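> Here the protein sequences line up with chains A and B, keeping their order. Each number in my numbering corresponds to the 1-based position in the first sequence with 1026 added. With my numbering, the residue at position 58 of the second sequence is 49, and numbering never jumps.
If you are wondering where the hints come from, they were derived from the structure by calculation, not from laboratory data. One or more hints might be untrue.
Claimed, not checked - Think about it this way: if two alpha-carbon atoms lie no more than 30 Å apart in a straight line, the pair counts; the simulated DSBU-like pairs of lysine-lysine are:
1) A/K1415 - B/K0
2) A/K1119 - A/K1030
3) A/K1356 - B/K7
4) B/K7 - A/K1113
5) B/K(-2) - A/K1138
6) A/K1480 - B/K54
7) A/K1355 - B/K0
8) B/K54 - A/K1356
9) B/K54 - A/K1355
10) A/K1288 - A/K1138
11) A/K1401 - B/K54
12) B/K7 - A/K1326
13) A/K1415 - B/K54
14) B/K(-2) - A/K1407
15) B/K7 - A/K1435
16) B/K54 - A/K1119
17) A/K1307 - B/K7
18) B/K7 - A/K1355
19) A/K1307 - A/K1401
20) A/K1135 - B/K54
21) B/K0 - A/K1119
22) A/K1435 - B/K(-2)
23) A/K1401 - B/K(-2)
Said to hold, decoys possible - Label pairs and their in silico Cβ distance ranges:
24) A/F1164 - B/M4: 29 to 35 Å
25) A/N1436 - B/M4: 24 to 30 Å
26) B/H27 - A/Q1083: 52 to 58 Å
Said to hold, decoys possible - Just some of the chain A residues that point at chain B, by a computed CB distance under 8 Å:
27) A1122
28) Y1327
29) V1334
30) G1370
31) T1384
32) A1399
33) K1401
34) N1436
35) P1439
No experiment lies behind these values; they were computed from the predicted model shown. Note that beta-carbon positions come from the ideal geometry of N, C-alpha and C, so glycine has one too.
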Amino acid sequence: MDKKNLTIAEARKLLDEGRITSLELVDYFLARIDRYDQVVKACLSFNGELAREQARQADQRLAAGERGGLLGIPYLVKDNILVKEEKATAASKMLADYIAPYNATVIEKLQKAGAVFLGKTNLDEFAHGSSTENSAFFTTHNPYDLDKVPGGSSGGSAAAVASDFCLFALGSDTGGSVRHPASFCGVVGYKPSYGSLSRHGLMAMTSSTDVIGVIAKTAQDAKEVMVIIAGGDNYDPTAQTEIIPSMGIGNDFSGLTIGWPKEYFTEGLNPEVQASLNKIKEIMEERGARFIEISLPSTKYGVAVYSVITPAEVSSNLARFDGLRYGYKKAEQGDEAYLLNRGGGFGPEAKRRIMLGTYVLSAGEGHSYYDQAQKVRQWMKADFNQAFKTVDYILTPTVPSTAFNIGEKNNNPLSLYLEDSLLTPASLAGLPAVSIPSGLDSNNLPIGAQLIGKRGDDFNLLDLADSLRGILSFSRPNFSWE
Amino acid sequence: MSLDIEKIKHLAMLAKLDLREGEAEMYSQQLSEVLHHLDSLNLAMSEMTANQDETVVSNDEIKMVLRSDEVA
């Protein structure tokens, strides 16, 4: 049985037909992690014993006749999401030894469905970054070219799915952190509508945009996972967005109107990315979709708005980490304890964001930035609302270029913030968006395309993304390190 | 606008972050560059059309969820 590059859908069929067991799948992925993760460095921790135990339970449920869903499907989790009694480090020295006391709601739901937890993946510290270089432990490598970054901040999850270490991985997307690494690693990265699932057990970063997202090999797989993890609970009062049911978008796109926003196709766009997007447009038009050029003039301010709102909320959300009850501790009491524990526990990017956030939330000169950012954010939402009066979906590049070298942007935080220029608008407006692999550039690095939908239209968005899978004819090569 | 070294040290004190040797200098340079980019928000404000409602009510159109007011 060739288990290479299986999708959830393919594994599902094999499991349901009794041609493979969950335990065999788990052993296959654990062996790959064991053998290759010393090269890719996608995982922070894994628990083989627990995974095999869960797989045996899933196999018993299968033997008893249960079928479908995610029963017996192995997955990895970004290390800012809590799994009970497992480490949850957020890739920070601050939480290097922290053990989660409870399960995130999405983990509860996955466990109930019988999915099999394999381990935790690397990220930029507290999900701050676009390269996974801000991890306090090590940098994850892009499986397509080990000298390149995997993108971020869910870089471990994206690299793991691309490297065939699991069938899907959870990430979190605050301003592009699922879509960006998915684009760089040639996999599907889905950011749900704001409020469509509970974030209980996700370490809060920017509460007004944070969502848990899914990284998988296909959009159909991402949808299978979302079907399980969607919905609210009593712990996250913002989880109130209902997802509307699929209307069954197939291969015929007639009747669909797609927006082509000119502000996403500017001079800075890499010509190969532009060509790839042009090709998708052509193919979709051949299948009956109508394209219209639209204007989203607020787009160019996305990074500026995000660079104010995010630090502001980060500075509040990270105020809880002081090392007194848990976490990095250098001193026991007094003002000195706060200073030393926080100063020693947080890395440079977390510190930058905390200080910038403190600045824009202070009375006086800093605060005008915050006021302005909130107003421009409203404008951004209005821009999208206006566009969605005439179009059903919006097609854009995910990132203006392909993966860059490790170390290339290390000392220039602003250049890393600008990596998210095409990703922050959908986050700030709370819209669902998905990045799909759309080809390879001349250096054999993946290119990503982004589809953005209306709030709550997640399943149709994923159906549309999935119907492009066959026609983009993208399949991953054998990696140099395999 | 820029954030000079003294301002960085003040912010670090407010945020309870002990800075090591050389850190304040580095953050001053990096965050001043970021602030320079944020000045584009002034442009955004002038580009926003006059008839746009600038009142920020809330970040999201959510209903408040309250538990029932009962003694447990």
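> All hints are to be evaluated individually against the structure, with a verdict given for each.
Hints and how they fare:
no.: 1; hint: A/K1415 - B/K0; in the structure: 49 Å, violated
no.: 2; hint: A/K1119 - A/K1030; in the structure: 35 Å, violated
no.: 3; hint: A/K1356 - B/K7; in the structure: 14 Å, holds
no.: 4; hint: B/K7 - A/K1113; in the structure: 26 Å, holds
no.: 5; hint: B/K(-2) - A/K1138; in the structure: 51 Å, violated
no.: 6; hint: A/K1480 - B/K54; in the structure: 19 Å, holds
no.: 7; hint: A/K1355 - B/K0; in the structure: 22 Å, holds
no.: 8; hint: B/K54 - A/K1356; in the structure: 42 Å, violated
no.: 9; hint: B/K54 - A/K1355; in the structure: 40 Å, violated
no.: 10; hint: A/K1288 - A/K1138; in the structure: 45 Å, violated
no.: 11; hint: A/K1401 - B/K54; in the structure: 21 Å, holds
no.: 12; hint: B/K7 - A/K1326; in the structure: 34 Å, violated
no.: 13; hint: A/K1415 - B/K54; in the structure: 24 Å, holds
no.: 14; hint: B/K(-2) - A/K1407; in the structure: 34 Å, violated
no.: 15; hint: B/K7 - A/K1435; in the structure: 28 Å, holds
no.: 16; hint: B/K54 - A/K1119; in the structure: 37 Å, violated
no.: 17; hint: A/K1307 - B/K7; in the structure: 51 Å, violated
no.: 18; hint: B/K7 - A/K1355; in the structure: 14 Å, holds
no.: 19; hint: A/K1307 - A/K1401; in the structure: 33 Å, violated
no.: 20; hint: A/K1135 - B/K54; in the structure: 25 Å, holds
no.: 21; hint: B/K0 - A/K1119; in the structure: 22 Å, holds
no.: 22; hint: A/K1435 - B/K(-2); in the structure: 25 Å, holds
no.: 23; hint: A/K1401 - B/K(-2); in the structure: 26 Å, holds
no.: 24; hint: A/F1164 - B/M4: 29 to 35 Å; in the structure: 32 Å, holds
no.: 25; hint: A/N1436 - B/M4: 24 to 30 Å; in the structure: 27 Å, holds
no.: 26; hint: B/H27 - A/Q1083: 52 to 58 Å; in the structure: 56 Å, holds
no.: 27; hint: A1122; in the structure: 18 Å, violated
no.: 28; hint: Y1327; in the structure: 4 Å, holds
no.: 29; hint: V1334; in the structure: 6 Å, holds
no.: 30; hint: G1370; in the structure: 7 Å, holds
no.: 31; hint: T1384; in the structure: 5 Å, holds
no.: 32; hint: A1399; in the structure: 6 Å, holds
no.: 33; hint: K1401; in the structure: 5 Å, holds
no.: 34; hint: N1436; in the structure: 11 Å, violated
no.: 35; hint: P1439; in the structure: 5 Å, holds
Checked against the numbered hints above, the structure breaks hints 1, 2, 5, 8, 9, 10, 12, 14, 16, 17, 19, 27, 34 and satisfies the rest.
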